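Novice: All chains should be built: construct the whole structure from the sequences, respecting the hints.
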Amino acid sequence: DQQVKQNSPSLSVQEGRISILNCDYTNSMFDYFLWYKKYPAEGPTFLISISSIKDKNEDGRFTVFLNKSAKHLSLHIVPSQPGDSAVYFCAASAYTTGANNLFFGTGTRLTVIP
Amino acid sequence: KAGVTQTPRYLIKTRGQQVTLSCSPISGHRSVSWYQQTPGQGLQFLFEYFSETQRNKGNFPGRFSGRQFSNSRSEMNVSTLELGDSALYLCASSLGAGINTGELFFGEGSRLTVL
Chain H
1058 DQQVKQNSPS
1068 LSVQEGRISI
1078 LNCDYTNSMF
1088 DYFLWYKKYP
1098 AEGPTFLISI
1108 SSIKDKNEDG
1118 RFTVFLNKSA
1128 KHLSLHIVPS
1138 QPGDSAVYFC
1148 AASAYTTGAN
1158 NLFFGTGTRL
1168 TVIP
Chain R
110 KAGVTQTPRY
120 LIKTRGQQVT
130 LSCSPISGHR
140 SVSWYQQTPG
150 QGLQFLFEYF
160 SETQRNKGNF
170 PGRFSGRQFS
180 NSRSEMNVST
190 LELGDSALYL
200 CASSLGAGIN
210 TGELFFGEGS
220 RLTVL
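If you're matching them up, the sequences are chains H and R in order.
At position 55 of the first sequence the residue is numbered 1112 (this note's numbering), and the sequence of numbers has no breaks.
At position 71 of the second sequence the residue is numbered 180 (this note's numbering), and the sequence of numbers has no breaks.
It should be emphasised that the hints constitute simulated quantities derived from the structure, not laboratory data.
Check each hint, because a few of them may be wrong.
[What the hints assert, rightly or not] Below, in silico cross-link-like pairs of lysine-lysine (DSS-like), each with a Cα-Cα straight-line distance of 27 Å or less:
hint: 1; chain 1: H; residue 1: Lys1125; chain 2: H; residue 2: Lys1111
hint: 2; chain 1: H; residue 1: Lys1095; chain 2: H; residue 2: Lys1111
hint: 3; chain 1: H; residue 1: Lys1128; chain 2: R; residue 2: Lys122
hint: 4; chain 1: R; residue 1: Lys166; chain 2: H; residue 2: Lys1128
hint: 5; chain 1: H; residue 1: Lys1062; chain 2: R; residue 2: Lys166
[As the list claims (entries may be wrong)] Every beta carbon over 12 Å from chain H, so not counted as near; a handful from chain R, in silico:
hint: 6; residue: Pro117
hint: 7; residue: Lys122
hint: 8; residue: Thr123
hint: 9; residue: Thr129
hint: 10; residue: Glu157
hint: 11; residue: Asn168
hint: 12; residue: Pro170
hint: 13; residue: Phe173
hint: 14; residue: Ser174
hint: 15; residue: Asn186
hint: 16; residue: Ser188
hint: 17; residue: Thr210
hint: 18; residue: Gly218
These figures come from a predicted structure and were not determined experimentally.
Ideal Cβ placement from N, Cα and C applies to all residues, glycine included.
Specialist: Pasting the structure below:
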């Protein structure tokens, strides 16, 4: 039972344009959401997070939006750069199941075309 | 600051054998979590250790076990290996105390192939 879903396995975007990666979740107990980026042969690295009490968090070129009523979050990258090409995982956690028990989506492979 | 170190990076086992994987967290981090990554399931939480105690556990059979030592290093063990255990096993560390936001630092993983 996949509680966090990333329905787009891949996304291609031109350099300089906006990349939008989407994520849906089913568990209303989730109260913290994170995005991780993964390059080949490396472990995932933390990118940005958002608490359920917020609907937006911004960090440089990266912005995460949370729509609790729709159980949907998205990651916007503006402008996209070739170095952003990687697999992006969204993840969620709930206080009741432990902050380090992250439920991950299956990932979206982003390719930024120069 | 040294990152999370996992050993071995690659290993091949046969069905029925057992395997032990090791993880050294970032210095000062007391929480170590283990995840299994497979193509179809993505990353799935195995368990978390904090101060030598298992603090949380995912939905994996008892063949998967772990422990943490006083220096926060952790090992996970899989007994009676099955073909479906072939995966990338990722270890992640965090401070683990105070405000715990789930921001984890991952190692590069141990890739296990079961033949």
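Novice: So, for every hint listed, does it hold in this structure?
Specialist: Structure-based check of all given hints:
1. At most 27 Å may separate the alpha-carbon atoms for a hinted pair to count; Lys1125/H and Lys1111/H meet this at roughly 9 Å.
2. The suggested pairing of Lys1095/H with Lys1111/H holds, with an alpha-carbon distance near 25 Å, which does not exceed 27 Å.
3. Distance check on the hinted pair: Lys1128/H and Lys122/R sit about 41 Å apart at the alpha-carbon level, beyond 27 Å; violated.
4. Distance restraint check for Lys166/R and Lys1128/H: the Cα-Cα separation of roughly 25 Å lies within the 27 Å cut-off, and the hinted pair is therefore satisfied.
5. The hinted pair formed by Lys1062/H and Lys166/R meets the criterion: a straight-line CA distance of about 21 Å does not exceed 27 Å.
6. Its beta-carbon lying about 15 Å from the closest one in chain H, Pro117/R satisfies the requirement of being farther than 12 Å from that chain.
7. No Cβ of chain H approaches the Cβ of Lys122/R within 12 Å, the least distance being about 21 Å, so the stated non-interface status holds.
8. Against chain H, the non-interface label of Thr123/R holds: every CB pair exceeds 12 Å, the least being about 25 Å.
9. Chain H leaves Thr129/R outside its interface by the beta-carbon criterion, the shortest separation being 19 Å against a cut-off of 12 Å.
10. The claim that Glu157/R lies off the interface is violated: its Cβ sits roughly 5 Å from the closest Cβ of chain H, which falls inside the 12 Å cut-off.
11. At the 12 Å boundary, the C-beta of Asn168/R falls inside the reach of chain H, the nearest C-beta of that chain being 10 Å off.
12. In this structure Pro170/R is separated from chain H by more than 12 Å, as the shortest Cβ-Cβ distance comes to about 17 Å.
13. Every CB of chain H is more than 12 Å from the CB of Phe173/R (nearest about 15 Å), matching its label as outside the interface.
14. The claim that Ser174/R lies off the interface holds: its Cβ sits roughly 17 Å from the closest Cβ of chain H, which is beyond the 12 Å cut-off.
15. Remark: the non-interface label on Asn186/R is consistent with the geometry, its nearest Cβ contact in chain H lying 20 Å away (cut-off 12 Å).
16. With a closest Cβ-Cβ approach of about 23 Å to chain H, Ser188/R is found to remain outside the 12 Å limit, as its non-interface label requires.
17. Remark: the non-interface label on Thr210/R conflicts with the geometry, its nearest Cβ contact in chain H lying 6 Å away (cut-off 12 Å).
18. With a closest Cβ-Cβ approach of about 6 Å to chain H, Gly218/R is found to fall inside the 12 Å limit, against its non-interface label.
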